[in-house]
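Trainee: Here is what each chain is made of, one letter per residue.
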Amino acid sequence: GESVGLHLPTLSVQEGDNSIINCAYSNSASDYFIWYKQESGKGPQFIIDIRSNMDKRQGQRVTVLLNKTVKHLSLQIAATQPGDSAVYFCAESLDSNYQLIWGAGTKLIIKP
Amino acid sequence: GAGVSQSPSNKVTEKGKDVELRCDPISGHTALYWYRQSLGQGLEFLIYFQGNSAPDKSGLPSDRFSAERTGGSVSTLTIQRTQQEDSAVYLCASSLASRLQETQYFGPGTRLLVL
Numbered sequence: 003g004e005s006v007g008l009h010l011p012t013l014s015v016q017e018g019d020n021s022i023i024n025c026a027y028s029n030s031a032s033d034y035f036i037w038y039k040q041e042s043g044k045g046p047q048f049i050i051d052i053r054s055n056m057d058k059r060q061g062q063r064v065t066v067l068l069n070k071t072v073k074h075l076s077l078q079i080a081a082t083q084p085g086d087s088a089v090y091f092c093a094e095s096l097d098s099n100y101q102l103i104w105g106a107g108t109k110l111i112i113k114p
Numbered sequence: 297g298a299g300v301s302q303s304p305s306n307k308v309t310e311k312g313k314d315v316e317l318r319c320d321p322i323s324g325h326t327a328l329y330w331y332r333q334s335l336g337q338g339l340e341f342l343i344y345f346q347g348n349s350a351p352d353k354s355g356l357p358s359d360r361f362s363a364e365r366t367g368g369s370v371s372t373l374t375i376q377r378t379q380q381e382d383s384a385v386y387l388c389a390s391s392l393a394s395r396l397q398e399t400q401y402f403g404p405g406t407r408l409l410v411l
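In order, the protein sequence lines correspond to chains A and B. Every number in this note's numbering is 2 more than the matching position in the first sequence, counting from 1. Every number in this note's numbering is 296 more than the matching position in the second sequence, counting from 1.
None of these hints come from the bench; they were simulated from the model. Using N, Cα and C, we set each Cβ at its ideal position, and we do this for glycine too. Among these hints, one or two may not hold up.
A few chain A residues facing chain B, derived, Cβ under 10 Å [unchecked claim]:
id, residue
1, Leu13
2, Glu17
3, Gly18
4, Gly45
5, Gln47
6, Phe48
7, Ala93
8, Leu102
9, Trp104
10, Gly105
11, Ile111
12, Pro114
Far from chain B, some chain A residues (derived; all Cβ distances over 12 Å) [stated by the list, open to error]:
id, residue
13, Lys44
14, Val64
15, Ser87
16, Val89
17, Gln101
18, Ile103
19, Lys109
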């Protein structure tokens, strides 16, 4: 079936640098996308979402970019901090469907 | 305010035994979800409850899995005759569901190990 493709890679960044986490999705009909952060031993925590009628959305230190042409989603974290260390998941859904389709996650490691 | 809580936080059981996992959603949240997460993997949808509507059980992997939600609040996920492949973290989430795609708030999960 359709799925968000994100094989679990690890991204290592220097503290203070910007981080970019990428996600490819396969269902061109998906119109809602979310990024979640999961710290070790905890449940996922909502970070930011974006609808398909937008290509960029900003939050506090985070920006999500959506490129529908190539079905690509990215999460940018500015001035990465040690507390940003976690696994980051993207997820997609159709507006008519409450089910989220989750990717496998990217582990973000912050180097001091 | 209180978030989603789950119990137990960890459960070790022997193959063939039944287990019950509990989820207390955020008060006032009408939607409740169960997910399964294997080590290093994404979340696998199991079941969805919305108010008094019939639950969406389409994600349950086998008939050994069942869930109920009493009084529109607390939910219990039951796994009968557990198998080693059932070992995973079981996550519960709730949302307001006043509209579709409300943000889901997750509990800390129950880590199940089947020996």
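Trainee: Each of the hints needs a verdict: does it hold here or not?
Mentor: Evaluation of the provided hints:
| no. | hint | result |
| --- | --- | --- |
| 1 | Leu13 | 15 Å, violated |
| 2 | Glu17 | 24 Å, violated |
| 3 | Gly18 | 28 Å, violated |
| 4 | Gly45 | 3 Å, holds |
| 5 | Gln47 | 7 Å, holds |
| 6 | Phe48 | 5 Å, holds |
| 7 | Ala93 | 8 Å, holds |
| 8 | Leu102 | 7 Å, holds |
| 9 | Trp104 | 4 Å, holds |
| 10 | Gly105 | 5 Å, holds |
| 11 | Ile111 | 14 Å, violated |
| 12 | Pro114 | 24 Å, violated |
| 13 | Lys44 | 6 Å, violated |
| 14 | Val64 | 15 Å, holds |
| 15 | Ser87 | 16 Å, holds |
| 16 | Val89 | 8 Å, violated |
| 17 | Gln101 | 6 Å, violated |
| 18 | Ile103 | 8 Å, violated |
| 19 | Lys109 | 8 Å, violated |
Hint compliance for this structure: hints 1, 2, 3, 11, 12, 13, 16, 17, 18 and 19 are broken, all remaining hints hold.
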